[in-house]
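Peer 1: Single-letter residue listing:
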Amino acid sequence: MIRIRDLERSWREFRIEDVNLAIDRGEYFVILGPTGSGKTLLLELIAGFYLPDGGKIWIDGVNVTDLAPEERGVGFVYQDYALFPHLTVRENIEFGQRVKKLPEEEIERSALEMMELLGIEDLKDRYPDTLSGGERQKTAIARALILKPDLLLMDEPFSALDLRTKQRMQDELKKIHRESGVTMVHVTHDQTEAMVMADRIGVMMEGRIVQVGGVREVFNKPLNEKIAEFLGVENILEGIISEVDDGLSIIDIGGIEISALTDLEVGSRVNAFLRPEEITISKVSQKTSARNNIEAKIEKIMNLGAVVRIELDSGLVALTSRRSAEELGLDRGAEVYASFKATAVHVLEK
Amino acid sequence: MIRIRDLERSWREFRIEDVNLAIDRGEYFVILGPTGSGKTLLLELIAGFYLPDGGKIWIDGVNVTDLAPEERGVGFVYQDYALFPHLTVRENIEFGQRVKKLPEEEIERSALEMMELLGIEDLKDRYPDTLSGGERQKTAIARALILKPDLLLMDEPFSALDLRTKQRMQDELKKIHRESGVTMVHVTHDQTEAMVMADRIGVMMEGRIVQVGGVREVFNKPLNEKIAEFLGVENILEGIISEVDDGLSIIDIGGIEISALTDLEVGSRVNAFLRPEEITISKVSQKTSARNNIEAKIEKIMNLGAVVRIELDSGLVALTSRRSAEELGLDRGAEVYASFKATAVHVLEK
Amino acid sequence: MPSNPLNLIKKPKGGTLFLLFTAMGLVLVLFITITLLDMFYRQTEDLPALFSAARDPVVLTAIGVSIAATTCSTLIAFTFGVPLAYLLARRNFPGKSLVEGIIDIPMMIPHVVAGIALYGVLMRSGVIGAPFDMLGVTLVDAFSGIVLAMLFMSLPYLVDTAREGFRSVDERLENVSRSLGASPWQTFRRVSFPLAFSSIYNGCILAWARGISEFSAVLIVAYFPRSAPILIYERFTSYGLSSSRPIAILFVVICLVLFTLLRLPEWRRKR
Amino acid sequence: MPSNPLNLIKKPKGGTLFLLFTAMGLVLVLFITITLLDMFYRQTEDLPALFSAARDPVVLTAIGVSIAATTCSTLIAFTFGVPLAYLLARRNFPGKSLVEGIIDIPMMIPHVVAGIALYGVLMRSGVIGAPFDMLGVTLVDAFSGIVLAMLFMSLPYLVDTAREGFRSVDERLENVSRSLGASPWQTFRRVSFPLAFSSIYNGCILAWARGISEFSAVLIVAYFPRSAPILIYERFTSYGLSSSRPIAILFVVICLVLFTLLRLPEWRRKR
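For the record, the sequence lines run as chains A, B, C and D. According to my numbering, the residues represented by the first sequence are 18 to 367, in order. According to my numbering, the residues represented by the second sequence are 18 to 367, in order. According to my numbering, the residues represented by the third sequence are 36 to 306, in order. According to my numbering, the residues represented by the fourth sequence are 36 to 306, in order.
To be clear, the hints were calculated from the coordinates, so they are not data collected in a lab. It is possible that some hints are incorrect.
[Said to hold, decoys possible] Restraint-style ranges between C-beta atoms, simulated for each label pair: (1) B:D139 to A:R349: 30 to 36 Å; (2) D:D205 to C:S132: 26 to 32 Å; (3) A:R349 to B:G350: 39 to 45 Å; (4) B:W28 to A:R349: 40 to 46 Å.
Using N, Cα and C, we set each Cβ at its ideal position, and we do this for glycine too.
Here chain A stands alone, though its shape is the one from the complex (with noise of 0.2 Å):
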């Protein structure tokens, strides 16, 4: 659907370059980055808004590179929905058709179609700055589905709502991108989101895409250190592998030895990566062959609310209900043991 290779923009402090990327048709893809990092650039690019300095794009296989956006046929959805302020929800809505002199029966018909497609035909007399977020941002989607593109472009579409609003517009985006087929690329700097909404993830830092996969391989199988960071593994520890035994091996990380799954050599500098949710807090041992078990001691507890976040002598940082924190007692000081499985353990060379 989408092909772009050696994409590259400098556009104010902002830089991408480098950007090879293939999304296929129909999927829901999510870009994902930290601020800055041209994600929205990218989008825009891709959009047109803007021609790059070097590299070239194709959308269904025709070179867009040197197109005005108004010939690529890409829907674009920005952060804040930006909707014509001069225009109700209806007017916004027919926008495009209405440039493009469809006939003025057809316009009327598909426009409510698709404000009843998204239950927003009691708006469509209002102004966008009488509507709430999740309003918005349905016009926003209208406006751009109506012309039928085969792709759509969002800009952190749920930034703007408020949690139990982009709870519900998650499913019913989710419900749109299932009913209309519509190719979806989703910029977006929050890992959760990412998680909840995408087929695939591009991982983007520092202007270019650094790594590209489904869900679960990206959250749990970052390429690098800075991109493990920023996707919240908070336990990076540096070893070196010590014994391999058919495939299980043993990291020594500074005199404790963990078990995790690896094809390196013996004698490999590694970092492994843990995800602090993946490690169990208890007040026994629950050694096994698959099963690491440190001892430690609790060195700070932090109530985040419904999680607590544990701190052990250890160096190691690990997430657990508050709930279960209660009912072992936890508390500073005390002995504990912090067990987690040899496969949630991502294992890099260094």
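Please build the complex by placing chains B, C and D on the supplied structure of chain A, with the hints as guidance.
Peer 2: Below, chains B, C and D without anything else, positioned relative to chain A:
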């Protein structure tokens, strides 16, 4: 330390009324309330930036209601720290002593001491716009503390900081509080922050202080439904007490019976509040007399990162760690048991 | 409680500082108020002169010339200035700040100097005057000269205001419009122009007001046909204050009424 | 790739619309550029006249009068205008928008009308002129009259700009200053004034520039001592363009140089 009686003031769209509050010397008091509840205005009234329309304020036994801010001796730290942008860190910190026309020598010595105490002596010649959030906060706190106020008012002091800096500064501020013994009043809309920082909490909603108490008391025993909802008690169940046995009552919630602790009589109509993180989801029944156990079907699972939010067909919402949800193989449609302690249910007469 | 009567937003104390400041500010406010009210008040002692001025065809013609000329110059400024403003708001090109500087020059140089410079180019042998002269059109001491002098002086007001108007239109709205299939021209007509319209209209009013009050450059470039300011000045030098004041009052009242009428749609829209 | 040479920020297409707009904008830019450059260019054909004007004591005196008068009027506007601006930025009181409206009147009424009104109050029998006359001070056709006319016309520029400057100072900084023990006056001197200073300074420059270019009101109120615009106009009517142009050029160059020098500290600070 502070006593407030029948305080009342309107300002733009904000309005506070009927505020009565007593804060003890040396206390760390958090005013917790949603955005727009008038928290900042209350703080500004205590500082004397505005005069009340009605009511009185005493600080340290002195009626300060009509005093100018410069006569109250109260430190104030604004949300984004409001550093003087035309002065360096050191000049900001020295400001208060300079307007008091203290001897130059004393000004310099005590400013240096204060900067050393907070570890910002290296920044002394920097201007505020070159500082990070944490550095700004330290400067603002130093600027207020150098005058040795009896009372330090802080308006959302952590909201401009990133997560890591916030956690570090929370520790730092608690330390300052312990060592200086200054009375601190801290305004926030963030429940977690209130839990972490407060000795006591005052909940403020729609311009009124609606509940005052210790942290556990406020979070576990919200006085009414609105407070409960704001504090994140997602499960609010309506029912009737059907049986009472030695303090342990049975409440009939639309056919489902749960046990809870209450002194109310049989037949009372009640609301039962239950925090979602108090609910354990398991595949086996765990019923005991002191533990509720409800059979339910999972209607929806939402991945929130480290935590999973589970909606059950009985209407209950539970939060559990992603790891345990995975280990249990929870999925939409799964039959599970939701269990929670009788003591986790907080019962209130309707 | 503070006794300062100005302390209505209930700020504690600080009354003395504000009292002093009020006293100082009052000096300026009184200077302006007295100057203007005095003019009207004095005229009440000679109302017949005011009424006869209001019927004098010479006076009415002069005011008509002023209104017609500033309206023409505003229309020209609108036609050429709006595209320029859009360009300045949306495009970067080498020399852009030079162009912005050039547009603002008429605001910065003394009005008389502008008049001298305009006279130099508009006279029969001037760079602009000569080609027009060949077509049989005289610019100096002609209605067209008044229009051009007003245009020169009022241009920056329109271009600057319209440019800020276009700048305040979120560029992403134009992007979205393009992605919905609209050409650059359709985008300008359906999105940018309507959204900047209130600023553009405001700029027109400013230019209109600046044009009608222009005296210096018009005095030098086109004494005839007499526009209102010229007539007021002529009467003042020839017959003194009592003869020029009725015309001045008539002129300023008409200006302010028209000004208010022009602002009306804007005020309506804001409600 | 687009062939439009102005397309430097690499926006796709839309070239024809922008080309048309560029052409239209160019008309205005050329009108201003040609008018001004022509004045300078013509003078190069008669450089001796320029040099002799630069040595003519009458010319130099007139320019000196202009500079001195606008400097005085700016200082007066600063002294009384800054407190007023602070008041307007920080306090709400009944009639506040009326006061703001009054301050802006001099910008809205035709300059000649302002001159007539000023003449009426400043003349010996006028409301302001009479008390001064008793003290033996004449305002009409005197240096003080020039200063007052300039003050009247330039006041709004200073007050408006300074007011916006004070408004842009976060009020919470003043609150914090008070909580640190500073009195209202200390807060004004140490926080509000320094933070608004760059706007205030800007307002002073605008008022200074407006004052020095004022012609209409000065012409009516104080023909003598001749300020530069009056002299230029007098030479124009008596001896024609070739006699007035050198003075105009000298005056505008001096104005622009002074203007640039006044802006210098501001540009420095921004770097």
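Peer 1: When you take the CB atoms of D205 of chain D and S132 of chain C, is the distance between them in 26 to 32 Å?
Peer 2: Taking Cβ atoms as reference, D205 of chain D and S132 of chain C lie about 30 Å apart, which means the hint holds.
Peer 1: Just tell me: holds or violated, for the beta carbon distance of D139 of chain B and R349 of chain A against 30 to 36 Å?
Peer 2: Since the Cβ atoms of D139 of chain B and R349 of chain A sit about 31 Å apart, the hinted range of 30 to 36 Å holds.
Peer 1: Starting from the range 40 to 46 Å, see whether the pair W28 of chain B and R349 of chain A falls in it by beta-carbon distance.
Peer 2: Distance hint for W28 of chain B, R349 of chain A holds at roughly 43 Å.
Peer 1: Starting from the range 39 to 45 Å, see whether the pair R349 of chain A and G350 of chain B falls in it by beta-carbon distance.
Peer 2: holds (41 Å)
In terms of the numbered hints stated before, the structure departs from none.
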